[in-house]
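Chemist: Protein chains in written order, with our numbering: chain A, 13 to 328; chain B, -3 to 636.
If you are wondering where the hints come from, they were derived from the structure by calculation, not from laboratory data. There may be inaccurate statements among the hints.
[Claimed, not checked] Label-pair restraints from in silico Cβ distances:
| # | chain 1 | residue 1 | chain 2 | residue 2 | range |
| --- | --- | --- | --- | --- | --- |
| 1 | B | THR143 | A | THR182 | 51 to 61 Å |
| 2 | B | ASN158 | A | ALA210 | 23 to 33 Å |
| 3 | A | GLN268 | B | ASN158 | 48 to 58 Å |
| 4 | A | VAL138 | B | ARG65 | 35 to 45 Å |
| 5 | A | ARG109 | B | ARG65 | 18 to 28 Å |
| 6 | B | ALA89 | A | ARG109 | 49 to 59 Å |
[Stated by the list, open to error] As a list, the in silico SDA-like pairs of lysine to any residue whose alpha-carbon atoms are at most 20 Å apart:
| # | chain 1 | residue 1 | chain 2 | residue 2 |
| --- | --- | --- | --- | --- |
| 7 | A | LYS308 | B | PRO490 |
| 8 | A | LYS243 | B | SER145 |
| 9 | B | LYS467 | B | PRO490 |
| 10 | B | LYS238 | B | GLU216 |
| 11 | A | LYS206 | B | ALA130 |
| 12 | A | LYS243 | B | LYS238 |
| 13 | A | LYS308 | B | VAL131 |
| 14 | A | LYS206 | B | GLY369 |
| 15 | A | LYS243 | B | GLY87 |
| 16 | A | LYS308 | B | LYS238 |
| 17 | A | LYS308 | B | GLN224 |
| 18 | A | LYS308 | B | ALA144 |
| 19 | A | LYS243 | B | PRO490 |
[As the list claims (entries may be wrong)] Computed far set for chain A versus chain B, every beta-carbon distance over 10 Å:
| # | residue |
| --- | --- |
| 20 | PRO162 |
| 21 | GLY287 |
| 22 | PRO288 |
| 23 | VAL303 |
Glycine included, every Cβ here is placed at the ideal spot set by N, Cα and C.
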Amino acid sequence: MYRSFVSASRRHKLATVLFGAICLLVCANAHATALEVEIRIQSQSRFAIDFAASLRKRLELQPQIYALRETGETKAISNTVILTVGMEAFRSALAERPRRRILAAAIPRPAFLSMLEREGLTPETVSDVTGIFVGQSVRHNLALLRAIFPSGETVCAFDTRNIPFRTPATEASRKFGFTSIAIRVESPLDVLPKLEAAIARCESLWITHDTSAVTADNVRPLLLLALRHGKPVLGGVIPDFVELGALATISSTAEQNETEVINRLDQFRKSRTLGPSGYSSDWKIWVNRSVATTLKLDVVDDATLRERVTRLLSER
Amino acid sequence: MKTKTLAQRIALVILLPLLLALLAIGALLLRRHAEDVQTQRLDSARATIGQLAALAELPLATGSRTGIRETANFIQRTANPLGLALFDRDGNAVETRGNVGSYALKAVSGRPLNAQVELHEQTLELVQPVFLAAVSVSEETKDRRSTASLVGYVTLAFSNENQKLALRRLWVNGLAVLVIAGLLSYFFAYRLLRGVTRPLAQLNTAFDRMRAGDLDARMERTGVDDLQRLAASFNSMAVELKSARTNLRSEVESATAALAKRTAEAESANQAKSRFLAAASHDLRQPAHALSLYTSALRNIARQQPDEIRTAIAPAIEGMQTAAKSLDALLDALLDMSRFDAGVVQVSRTTVVLDELIRDALTVLDSSARQRGVALASRVGHLDIDTDATLLRRIVDNLVSNAIRYTRSGRILVSVRPRFNHTLLQVWDQGIGIDPADQAKIFEEFFQVKRGEAIQSGMGLGLAIVARSVKLLGGEIWVRSVVDRGSCFSVRLPSASRIRLLNPASLSSGATMSAGYALILDDDPMVRDSMSAWFASQGLKPIAQAALPELLAACEGKTQIAAAVVDYRLGDGFTGIDAARHLRIRFGDTIPIVMITGDTSVERLQLLQASGFPVEHKPISHERLQLAISPLVQKCWATR
């Protein structure tokens, strides 16, 4: 390389030196400038607020890497990311359509997909909008269900029009050996009567974080109805469901979600791509032992359960 | 208690039962309401704990801390209990708020299967087990079966303070409403009734004015029609009453004038009678006095005559003496009445030995009784009595004399019997008796029972004197009599202690006085002569004069003055009292002086009483003269 440089013409030498200088400048600039992150939160959810605060603290620990900006301070350059926490913040950011990348955190997958669909987008066509969903996938939940009920045959789930759950749920159910019974509901008001009518046929009920079916208003009567009929309820997206009365759920903790967000940001800082939307790679199982006692179920301990789920996920 | 007006009384009469009824009804309703409140409170508490149990069903079944907290928050916010607690199925407290109460904790430890309510003084505590209403449905038969599984307990504690405060307010407000309603009712009733009672008050005022003599009092015609008619009637009555009073007043004035005229005439006649009696008594006493002394002297002279002469003149002397005694008695009676009228008779109480007094009186009257063929007897115990001996003796003398006078034959009994707080003196006779119509009059002056031959001597003053004497002694007298069978006079006298009376019997009529001079000062020559003769028969040398200077002159050089008898009325305005004082100056204070008088006027008797000299009234028998003078003479000689 040195001989060819020496033997080159002065024009070539000048051009080479100039190019090298520019490259050095660019590289130096690249290493010297931190990733600008603008955190947006418009939610009243305690989970979202705590999540955003915790995330902000973790980012602030690395000021040379992440530069936190307030809304409007970030420039429309490639080295900036809008980090939204919760659905409202994501909806607002998506409506602005800024020329910056959006990383939507703490958002349920159905909601993420619905918003994109409302904007005429799809996850495949939009590379600068990425979501990290709360909860875990259908597959994980059905694996948990199978781990708790090794001999279970049927599982009921609510089927709403706006959530394209049916195909993945059906496929996952089949994979884990369950017959899926869809309880068709048009609105949250339909949930209780439809459930009461169908619950005799269910061995268990799997619910998702679908606000067109399960809301804060009917979740308690729903759980009580299921309990009175001796049917366990699994699923939900966040551990609050378990706390409220669901038997178990599998989900990512806030720390796991934070780690996932930071990983995505770090990936973006390195490769200028946020990667595909998805759940956190790490997860946790929550089991309500009181419900298990009430239902007189013998649920194995958490470690054994995690081991079973892990094995089921790897096997199927 | 203040006097209430008529309106107030009527208002109270009307409203009091109403208020009492309202009070009773109000108290009953308040009590019922309080019971309802208590029942509602218990129902509310049961409903609250039922709601708590329903809300806690899911949280307790699932162990949801959030749900438990939210349930507790909700109940605390809506029911505001004193305390609440939620327990899991093992009885472990999973949520506690406030003061749950010891009862609830104890009850939970007992694992109750039913709701329990405990009402304490300060708190109301409830315990409710929470069941999960499990439903199982058979797929084939669609058979729904419900069972319940215990998932925990909930307890609630409520403070009774608020309810107590509410009940207290309820009672206070209820009572306040009743009191205010009562006062308002009373006020309005009083206002309404005043429209009725005001005319009545005016009527009362008008009556008061009329009673005070104002017949011009009239009523205003106000109020309802009835009251206006009442006012009109009253006014017309007042007019008529005024007219009647005017007429009556004129009639009364004329009648009063006539009565005054008659009273003056009666008083004048009474005064004339008194003057006549006094004058007659005085004028009669002089000759009677002389007659008595002359007769006594004549009897003494007759004793010294030969038997044939003494026998021949004895009946005449005896008749003269009897006539003189009768006259003496009549004049004594007149004198006694005059003394009672003058009020100079005073009671001098001593202890009187009754049996001696009665015996003496009967001894004196025994001879006259024998002459009438009447036997005297007495039945007297050894009794003393605190009374005036003279008045009592006069009472006995007059009653016995009266009995002798009206008894033809038979027996007269004098009895004295002690009673509880008095002494009863009775005189029984078997005389002609007293007609019932006359029994009320016999104690009047100058009244005599007139029945055929029974009319006796006297003026009808004996029983009048007895009645006045008894009254003066503080006793009373009454009579029981049956015509032709006899009478009984009863005298009630108070009892007393014992002191001996001077025994008059010790001064016998035959006793003579010691030698000396007897001074006689009297302007009546007949009296002077008769008294001189009597004193001479008694062994004394009489010196009798009409005036004091002559008497003093006649006494010149004489020192042995045994006694002096001085007439009160000496003429020329010179009285016996003046003369007696001069004699005391001349012969010393020890000279015995007896004042005699025939006057019966009240003024003279009072003067003589005040002088302090012993007084004897004309006519004086020789026995009385001797009784009056002998003690004085003996006392005088004893001091010399």
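Chemist: Hint by hint, note whether the structure agrees.
Modeler: Here's how the hints hold up against the structure:
no.	hint	result
1	THR143/B x THR182/A: 51 to 61 Å	35 Å, violated
2	ASN158/B x ALA210/A: 23 to 33 Å	48 Å, violated
3	GLN268/A x ASN158/B: 48 to 58 Å	52 Å, holds
4	VAL138/A x ARG65/B: 35 to 45 Å	42 Å, holds
5	ARG109/A x ARG65/B: 18 to 28 Å	42 Å, violated
6	ALA89/B x ARG109/A: 49 to 59 Å	55 Å, holds
7	LYS308/A x PRO490/B	122 Å, violated
8	LYS243/A x SER145/B	15 Å, holds
9	LYS467/B x PRO490/B	12 Å, holds
10	LYS238/B x GLU216/B	18 Å, holds
11	LYS206/A x ALA130/B	18 Å, holds
12	LYS243/A x LYS238/B	115 Å, violated
13	LYS308/A x VAL131/B	14 Å, holds
14	LYS206/A x GLY369/B	153 Å, violated
15	LYS243/A x GLY87/B	25 Å, violated
16	LYS308/A x LYS238/B	116 Å, violated
17	LYS308/A x GLN224/B	100 Å, violated
18	LYS308/A x ALA144/B	14 Å, holds
19	LYS243/A x PRO490/B	125 Å, violated
20	PRO162	22 Å, holds
21	GLY287	35 Å, holds
22	PRO288	34 Å, holds
23	VAL303	5 Å, violated
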